[in-house]
Each structure stands twice: as structure tokens, then as C-alpha cells.
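Engineer: The two chains are supplied separately, each in an independent frame; assemble them into the complex guided by the hints.
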Amino acid sequence: MSRTLSRRAVLLGGSAAGASLLAGCDQLGQMPWVRRTLEAGEDASLFVQRTMLTQQSLAREYAEADISPWFKPNGTIDPVDEDYKALVARNFEGFRLKVGGLVETPLDLSIEDLRRLPSRTQITRHDCVEGWSCIGKWTGAPLAALIEKARLKPEARYVVFHCADTMENAEDGSPVRYYESVDLVDAVHPQTILAYEMNGQPLKVEHGAPLRLRVERHLGYKMAKYVMRIEAVASFDEIGGGKGGYWEDNGYAWYAGI
Amino acid sequence: MATTKAAETGTQASGARWVFRHPATIRIAHWVNVVCLAVLLLSGLQIFNAHPALYWGHVSTFDTPLVAMTATETEPPRGVTTAFGQSFDTTGVLGASKDADGEIIGRGFPSWATLPSYQSLAEGRSWHFFFAWLFVLNGLVYLGYGVASGQLRKRLVPSGDQLRHIGASVIEHLRFRFPKGEEATRYNVLQKLTYLVVVLGLLPLQLLAGLALSPGFNAAAPWVIDLFGGRQSARTIHFVLANLLVLFVLIHVAMVVLSGFWNNVRGMLTGWFRIERTNPSGDQA
Chain H
1 MSRTLSRRAV LLGGSAAGAS LLAGCDQLGQ MPWVRRTLEA GEDASLFVQR
51 TMLTQQSLAR EYAEADISPW FKPNGTIDPV DEDYKALVAR NFEGFRLKVG
101 GLVETPLDLS IEDLRRLPSR TQITRHDCVE GWSCIGKWTG APLAALIEKA
151 RLKPEARYVV FHCADTMENA EDGSPVRYYE SVDLVDAVHP QTILAYEMNG
201 QPLKVEHGAP LRLRVERHLG YKMAKYVMRI EAVASFDEIG GGKGGYWEDN
251 GYAWYAGI
Chain E
1 MATTKAAETG TQASGARWVF RHPATIRIAH WVNVVCLAVL LLSGLQIFNA
51 HPALYWGHVS TFDTPLVAMT ATETEPPRGV TTAFGQSFDT TGVLGASKDA
101 DGEIIGRGFP SWATLPSYQS LAEGRSWHFF FAWLFVLNGL VYLGYGVASG
151 QLRKRLVPSG DQLRHIGASV IEHLRFRFPK GEEATRYNVL QKLTYLVVVL
201 GLLPLQLLAG LALSPGFNAA APWVIDLFGG RQSARTIHFV LANLLVLFVL
251 IHVAMVVLSG FWNNVRGMLT GWFRIERTNP SGDQA
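So the sequence lines, in the order shown, correspond to chains H and E.
Everything in the first sequence is counted per UniProt numbering, starting at 1 for the first residue and increasing by one.
Everything in the second sequence is counted per UniProt numbering, starting at 1 for the first residue and increasing by one.
FYI, nobody ran anything at the bench for these hints, they're computed from the structure.
All the pointers check out, no bait thrown in.
In silico SDA-like links for lysine to any residue, alpha-carbon gap of 20 angstroms or less:
#  : chain 1 : residue 1 : chain 2 : residue 2
1  : H       : Lys98     : H       : Glu231
2  : H       : Lys85     : H       : Ser110
3  : E       : Lys180    : E       : Val265
4  : H       : Lys72     : E       : Ala68
5  : H       : Lys137    : E       : Thr61
6  : H       : Lys72     : E       : Leu121
7  : E       : Lys98     : H       : Cys25
8  : E       : Lys98     : H       : Ala19
9  : E       : Lys192    : E       : Leu244
10 : E       : Lys98     : H       : Gly18
11 : H       : Lys137    : E       : Phe62
12 : H       : Lys72     : E       : Thr61
13 : H       : Lys98     : H       : Glu112
14 : H       : Lys153    : H       : Thr105
15 : E       : Lys192    : E       : Gly150
16 : H       : Lys72     : E       : Gly57
17 : E       : Lys98     : H       : Gly14
18 : H       : Lys72     : E       : Phe62
19 : E       : Lys192    : E       : Gly260
20 : H       : Lys243    : H       : Gly220
21 : E       : Lys98     : E       : Val80
22 : H       : Lys72     : E       : Val67
23 : E       : Lys98     : H       : Leu12
24 : H       : Lys243    : E       : Leu121
25 : E       : Lys98     : H       : Leu22
26 : H       : Lys98     : H       : Lys153
27 : E       : Lys180    : E       : His165
28 : E       : Lys98     : H       : Ala16
29 : E       : Lys98     : H       : Ala17
30 : H       : Lys72     : E       : Thr64
Which bits of chain H does chain E cover? Going by a derived footprint, with three or more residues having C-beta under 8 angstroms, they are:
#  : segment
31 : 23-31
32 : 46-57
33 : 129-136
Even for Gly, the Cβ is constructed at its ideal location relative to N, Cα and C.
Bound-form chain E, shown alone (with noise of 0.2 angstroms):
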């Protein structure tokens, strides 16, 4: 965003300045997209406690599942969970955990992490493809509306400047040091490479992986099985991206709050960002 225009440019008093930042589809689309992977990551989770097991391959291998939830048989249950072969006890959060009456029943992910919060697949199938569809409608928006007015290239592909220095970039960040003054009007190389992956990588997949996993789809497009080696081994690879996702969705919002709460938040509500002067003998007249 260097080169923002100076009709989408403002100078305070104070000497900081306000860019335009986000337009308005890509703020409607961010938002959206939020609804969208919260829904669909606790219907997910809710989907996946009617078999909380993963496995690799075309088929379930019951005996010899890669991770699995289970409640032990006493009363109360306790939960354990099943990792490559080492087990462990994760009761009250994974394999038993509290219901809405306070007693502890055997169900994979607790009821704080599933939508509905009782158990029902039949619900949680329901919620997860209507929000599956939203998602794909919206990145189609954001993506067509990326491409064709040139934002996705100018936002998230890094300058020849910005790779030649992601050393000193990796370093800033370690040092919770985040970019100033005219750096700041556009995405640091880390940021961009990070939306790039998430945006055209992750993202993608987590939808391939996830049409993987249907019958119906599998008959229409049968080479997308192959390419994650099975039906079971999509499962495993979509619920390994799920939580890619939230690892990435915790980084983001870290950083978002370290480097300006309020700023960024404002930003990507109004489209305005708040830069403050760095040089007040510098090329803002």
C-alpha cells in the first residue's frame, strides 16, 4: 500500500495519518469469513465426536486407529486418549467430559467445543454444510474480487525488497517489534507470506479434503481421493488442517492485538488505518 492514492490519504494534526486500508469487500468477506470457520469448526467437532477416531488409508483400521477418544467403562467414565500408540488421560476435556447437567459422559471433544453443545451428528452436519457453502460462496467473492481489481497481488505478494530482508523481518517479530511509520501502510513480508499460505493453500485444501469425504463427489471427481491417499486419510488431513487453521487464527489474533488493538480492529471495521509519524522531517508536508 505504498502507493496509496492521496484522495485515500489524510494528514493530522498530530502528524499521524489515516490510509485506507481494507476496502469494503474484503472487510465484508473477512467478517464473513470469521462466522463461517467458527461454525464450521464446532460443527466439525461435533461431526467428528460420532467417531472420534482417525485413521490412514482408504479404510478405518478400528484396531490400530492413528488417534483416538475413548471413555473407559467405571462410573464416572474418564477419558483417554489413543495418540501412535501411547495413551493418556485427558478426562474432562477429551474422550469424557462434562454434559449440560454437570455429569461426565464419553464424548470426544467436550460440549463447549461442539455446535450444537449436545451431542447430535444430524445437527452438526446441517450447520457445517450450510456454513461450508457460505464459506465457499464468500472466498469466491473475496478471491474474484481479489484478482480483479489487483489487491490480492498488491496485499499479499511480498516485494522483491521484502523477501531480500525476511531475515531481519523473522527478527523484528521474535522481538515483538512490529513495522512503523510508511513499512507500516503495507503488510510485512511474514504477514503476507502467512495470508498467501492460508489464503491459497490451507484454505483450499481444508475444502478439497473436506469434498473428499463425499460419497457423491468422490464418483464425480474420483482423482481428489488419490490425492490424499483415501477417504480416512482425508478425514485425518481435514481435521489436521482444522486445527492448522486455529493455530493460525491464535497468531493472528496475538498479533493483532501486540501491534494495535484497537487500530487493527478499526481498520478492518472501517477500512481506515492509523499511522503515526516515525520522521516528523520526512515527506509529509
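Excised from the complex, chain H in its bound form (with noise of 0.2 angstroms):
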């Protein structure tokens, strides 16, 4: 009898502290120095990756024959706003791309300006942060033929894609949309696209219709569906929740490589 309790008692007390240090390390992860701390795991991952890569370095291509007959529609799959749903209405005819920021010339561009510029097609593994993979056949404009068309000013570091599709909605009621950034060694690189087909088809809505991006050494959150402008900065402080993007602006880390 006292063996049994005794095992209970240890049973209990085991559970218990497991409890308790596991309610610890929760709390700890709340605090804003461990969470800095934390994240210098991810600046490590940025600069040992980006001492690796070069602009040469590719990331996998596929075969036809590989790419995934049923490929995932993830985040916003079907955008509620109307601005967005009058565009799909007239199946985004008189839609323009805008480019703007830091640059030398501004740029206000048809889906047909994107088609008449060089266009590359790549059959790539899109991996999700959560963790499952496919593969898909992406054709568009390279961002650096747009990029070089606008001629930066030497102040912008980083490109940042605005999206049509609203995430939630801010306090005070404004909608917070979708936006993702990369900074210049990725947004020239060849696999960097604005993708308008998709296996060989247009863009579908539930893909990011008309217009998508493809960083391909990211994860799929870099991939910003529903691109409506593309704006060069110097820094993230006057966009959205500063950090970058707005999974970014939630925890997740700008560097999405890893």
C-alpha cells in the first residue's frame, strides 16, 4: 500500500514539476530579451546561408513529370475584398502593377507589359513553414527586369510586395493586408519571379491571381500572393508592423531561407 502511494506521490510530484517547468519556459519564451536572444538564431541562419549562396546558386528544378497534380492553395486561398473580387469579376482586366518607392522611375504595368518582358519558367518544390512540400511549373517576369527597369536609387535596400488580399483588421477597423519583402540579393536573383501561370495555365485566384511572387530559396510565406504594388525602401520601420512582412509582424522570422 505505502509502495503504491509512494509511486503515486512520485507520479505526481513528476507531473507536477514537468507542469510547472514547462510553465516556466512558456513564460520565458514571452520575454522580450529571451525572445531577442532567440532570435539570433535566425541571424545566424541568414549569414552562414548567405556566405553559402551565391547569386548562381539555384534552387532544384524539376521534371514535367514531377510536378504535384494537386498543389496545396494555402493562407488566403479566396480574398473577401471587393476592391480584389471587382478585378476577378472582369477577370482582372485593367489591372496594373505598380512600382514605385525608391526608385528612379516609377512603373505602372498591364499583366501584357509582364508578358512582353523576357519571361522564365521553372518547375520548383514549394515548402511550406508548416512543413509539407509540392511541386509546381511557374512562368512570369523576372522582378529583376522590372527592377532594372525602375532603376533604384542607391538609398533602397529592400523590395516590398503589397498584396489586395486583408489578413484581419487593425483596432481601429482599417484592414491589414498581406506583404512580404526581400531584400536586393534575393529580389535579382534568376529564380526570382512574378509569376502569372501556373503549370501552364493563368494564375488561378486560390494561387495568387494575376500575380504571385517566387523567391525560391524561401519558404512559402516569402511567396506573396495577390501582388498589387511593389514599393523600394530603405527600411520596414513605415510599413505594416515594421518587421517586414505580415507573418513577420507575427513572430515568424524575416529570413525565411530556413
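Structural biologist: Okay, structure coming up:
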């Protein structure tokens, strides 16, 4: 009897200690200095991967036969925004992509304008931060070509992609829309394209029509869908929550190469 | 450690002898590794929970996972784990379990097995990558010191004599009888082989499988993904290796308890390990 009791006590004590340890870890993880310290891991990953990668290092490109029969649509798959719905209703006729910010020549382009640029087609693996992967074929205009046309001002360091889809409403009721950013290393990488086609068809709404960013050496959340406006900036301070992207403002790392 | 230096040994009146078993670098590396592996396991399960299914090959075959943990649409949900076509009700542990408020919700692994305990992929990744870097740096210090000092070879490479008697050693272990006296001054052959497999096999492979999940690393070293047969295979192998490491830790801790808990723990904390005298008329003057 006493033996059973003591075993019970040990088990109870053990699980209580375990529970308080976990609760302690949860609390620790909420402290700003702990968060900042843990973020050093992200800085290390960025630094080391940038040291290992050159502009010529490409993400693996696959064969037609490898294309996933079903490509999981994720994140926003049907934006609720009225402006966007109107665009869908007229099959994106009249859509204009705006390129501005710290550029010498702001651009205002139709999908046809983008299609007239030299295109790139790549069959690549899309890795979601959640853990799953799908392979798809993407065709689009290299971002480098747009940047060359717009000519960045010397102080430009990042390229921000403003999207059509509202993720949530801010406290004042204004819509918080998806946005993402890349630095100039990724912006001019040969596999960084604004895709208007997927698997040989015009991009579907669930995959980000009419334009979706592809930055193949990153996880899926970097690859903004429903891109409406591109802005060259010197810092993220004035944009959204200031972390360089919607998910970044919600705790995810800005560097999505890992 | 049969060649323990005289300066590192001392003899007690009782005849028991103290040997200096673990140099400081190895002791520190051991405990840093304990923290790293604990955080990596719990945060890894948090990351796994973002998509609690495993596949084989380059991509996810959503309809035919190798293993998947799901929750039913019922109220409250029930947890269902499917493995190789067989389904099991795993409510309370896998697929669906209690959250902090005691309510059953759908989640792969339960809250007591994840870091943080609540669902947060972003925070799980933060913990995972910081401690992955710490694990790598700690491992490099351990291996660098181990090779340079000769400790790695001395501690972990079995002698020819030990290898010849491996059968007897297995039988002794199964009877929970552990080496005594002079034989206890060095690791036995099963210990050495296990530690070798873990230190030079499982842990580096686990790191490589984790790196194979990184799109940036894949672009830098494309051959790594082929080593594992694709990114989803690498993710599955990363999960299986984590399980093997847990199994190792369970056996390791059980052996520590069975073969003299306080002596072992003292050894890894202070470096000093106590050897009982087996033969009073032996060579210990």
C-alpha cells in the first residue's frame, strides 16, 4: 500500500514538476529579452546561408513528370476584398502593377506589359513553413528586369510586395493586408519572378492571381500572392508592424531560407 | 581509462578508489547537450504539430501519408493516428488532447510534449533554431577537444580485447550486471559502441536531415536532399532519428540509474568516479 502511495506521489510530483517547468518555459518565451536572444538563431542562419550561397546557387528545378497532381492552396485562397473581387469579376482586365518607392522611374504595368518582358519558367518545390511540399511549374517576369527598368535609388535596400488580401482588421477597423519583402540579393536572383502562370495556365485565384512572387530559396510565406504594388524601401519601419511582412509582424522570422 | 595517471587517482582507506573520469570540457559539453536536446525535441514536436503528417519522397502525398495525426469533427474531437494504413484512436495523447484550459482540441502531440505548450509554430521555430546552433557549436567544441586531446579515441573506441568479448558483455548487460573494479575505469564495449553510433552517427545525421529541410541550404548543397531521397523523406527521417535519440536517452538514463546513480551523476558533475575494490590483495598498494 505504502509502496503504491509513494509511487503515486512520485508520479504526481514528477508531472507537477514537469508541468511547472513547461509553464516556466512558456513564460520565459514571452520575455522580450529571451525572444531577442532566440532571434540570434535567425541571424546566424541568414549570415551562414548568405556566406554559402552565390547568385548562381539555384533552388532545385524538377521535371514535368514531378509536378504535383494537386498543389495545396494555402493562406488566403479567396480574398474577401471588394476591389479584388471586382478584378476577378472582369478577369483582371485593367489590372495595373505599380512599382514605386525609392526608384528613379516609377512603373505602372499591365499583365500584357509583364508578358512582353523576357519570361522565365521553372519547375520548383514549394516548401511550406508548416512542413509540407508540392512541386509546381511557374512562368513569370524576372523581378530583376522590373528593377532594372525602374532603376533603384542608391538608398534602396529592400523590395516590398503589397498584396490585395486582407488578413485581419486592425483595432481602428482598417484592413491589415498581406505584405512581404526581400532584400536586393534575393530581388535580383535569377529564380525570383512575378509569376502569372502556374502549370501552363493563367494563375488561379487560390494560388494568387493575377501575380504571385516566387523566391525559390525561401519558404512559402515569402512568396506573396495577389501582388498589387511593389515598393523599394530603405527600411521596414514605416510599413505594417515594421518587421518586413505580415507573418514577420506575427512572430515569424524575416529570413525564410530555413 | 585503464592507463589513469597516478596524479589523477587516489585511494581511500576503505579500499575504494577515485578515478578522474570526465574532463571539464566533456562535462560541460554533456550538460549543454542535455539542454539542447530537450529543447530541440520539444520545439521540434511543436513544429511537427503545424502539419502532423509524414510522407516519403520529394513532395507531400496528402491522401496517402505514412503517418498522420488528425482530429475528428465531433464535439469534443477524438484523436486518430493513422500509420501505414492502420487507424488507432489516440485521444488524449495524439491527434486530440487537452489544452491549458482542460478542453480537448485537435493537436498532433499534446501540450506537455511541446515548446511552447500552446500552439505557436513561430515560437517553436525560434527555440528550435537557436538551440540547433548551440547544439552545433557545442558539438564542434566536444569533437574538436575530443580529437585533439585523444579523449574521443580513448573513451569511445573499443579495444580488440573488448570486441572479442562482446557476446559475454551483452549477456552481462541483460542480467543487469555491470563491470566492477578495474574494468569499471573505462567504458564497456556496449557503451563505447552505443556512444560512437550516437556521437558520430545519429547526431550528425539528425543535423543533416534538419538542414535538408531548409530551402536555402538545399540551394547551397543540393546533394544533401538526394542523400535522404527528397525533402519529405528527410523530414520523416528527422522525425525517426528524433525518436531513436529519445530511445537512446531512455536507455542511457536507465543504465545510469541501474549502475550506480549517484556515482555516475557525480562523475559527470565533478569528474570523479568511485571504483569499489574487488580484490583486496590486488595491485593497489
